[in-house]
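Q: Sequence:
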Amino acid sequence: MVYTLDDIKRYAAMGIDDERDKKEREELLARFKKNEVTYDISAHMAGRRLEMMNMQMSRCYACEGFSVWIKGKLIWPSYTTKVEPHPDIPGAIKDDFIEAASIVEMSPRGSAALSRMIIQKLLGELGEKGDNINEDIGSLVKKGLEVEIQRALDVVRVVGNNAVHPGKIDLKDDAGIALALLQLINLVVERRISTQKRIDEMFANLPAGAREQIEKRDGVVLRTLTEDEPTPNSGS
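Residue numbers (my numbering): 1 to 236.
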């Protein structure tokens with residue numbers, strides 16, 4: 001069972017005549033306010049003993065190993081949601097991604113905050129300033145950024161901001177959202193880095209004559225458009 005502060009307040013306020021019990025309940029309430037993982041003193045036939053609150057141990061019948069649970073969450077053995085960084089993720093942010101993935105279950109809010117930082121660094125890798133995420137996304141949109149990638153970036157930006165600052169999205173216990181942010185980061189890397197790399201590699205493997213014709217074609221089109229544009233003083 002996971003105990004809350006309200007539970008302990010009700011327990012401490014129960015009518016009791018024994019001064020010793022009353023004092024112990026008041027002390028329990030004081031301890032609980034400082035740390036929700038604490039102990040209570042229980043009376044048994046064999047005497048009085050300490051019992052942990054919001055910390056439990058369980059044993060596996062198959063392997064006979066023990067597990068430790070804090071407030072209903074598995075702490076030992078440690079459990080990590082498996083989400084690997086994209087193979088083409090820039091080296092400058094790979095370690096950050098691995099760190100964010102390692103704490104998805106233990107601290108969804110911390111993982112989401114790291115995802116926001118990863119996006120900020122990734123935008124720098126994509127040629128933007130890397131100082132202001134919102135402005136960098138807007139700059140990429142002007143350059144033709146796909147709508148779905150813009151939305152993926154904004155999801156990580158907004159949710160990550162809420163993880164750091166008070167907002168309408170509470171990530172305290174939502175590992176699913178934190179995991180989804182990392183998956184969106186991988187999607188952005190796939191679309192904006194991997195896809196471009198594969199296209200460039202395929203273009204580079206075209207026969208030299210074909211590449212020259214394409215470059216000549218595009219150069220002629222560019223010059224024609226430039227020459228046909230009216231100048232400010234042409235009166236057109």
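Hints in this document: simulated from the structure, not taken from any laboratory. Just so you know, even glycine gets a beta-carbon here, dropped at the ideal spot from N, CA and C. Mixed in with the good hints, there may be bad ones.
Computed beta-carbon distance windows for the label pairs [stated by the list, open to error]:
(1) 141 with 218: 15 to 25 Å
(2) 3 with 61: 18 to 28 Å
(3) 64 with 146: 51 to 61 Å
(4) 22 with 82: 19 to 29 Å
(5) 56 with 124: 37 to 47 Å
(6) 60 with 144: 53 to 63 Å
(7) 151 with 88: 15 to 25 Å
(8) 219 with 146: 22 to 32 Å
(9) 155 with 124: 29 to 39 Å
(10) 155 with 13: 37 to 47 Å
(11) 3 with 183: 31 to 41 Å
Q: Are the hints correct? Go through all of them and say.
A: Each hint, compared with the structure:
Here the CB-CB span from residue 141 to residue 218 is close to 24 Å, well matched to the stated 15 to 25 Å. Remark: the range hint 18 to 28 Å for residue 3 to residue 61 is upheld by a beta-carbon distance near 27 Å. At about 53 Å, the CB distance of residue 64 to residue 146 agrees with the hint of 51 to 61 Å. About 50 Å separates the C-beta atoms of residue 22 and residue 82, a value inconsistent with the hinted range of 19 to 29 Å.
Checked against the given bound of 37 to 47 Å, the beta carbons of residue 56 and residue 124, roughly 45 Å apart, stay inside it. For the pair residue 60 and residue 144, the beta carbons lie near 54 Å from each other, so the given range of 53 to 63 Å is met. Range check, residue 151 to residue 88: about 21 Å between beta-carbon atoms, so the 15 to 25 Å window is met. A beta carbon spacing of about 27 Å between residue 219 and residue 146 agrees with the range 22 to 32 Å that was offered as a hint.
Checked against the hint of 29 to 39 Å, the C-beta distance between residue 155 and residue 124 comes to roughly 19 Å, which is inconsistent with it. The hinted window of 37 to 47 Å between residue 155 and residue 13 holds, with their beta carbons roughly 45 Å apart. In this structure the supplied range 31 to 41 Å holds for residue 3 paired with residue 183, their Cβ-Cβ distance being about 34 Å.
When held up to the earlier numbered hints, the structure conflicts with 4, 9 and fits the remainder.
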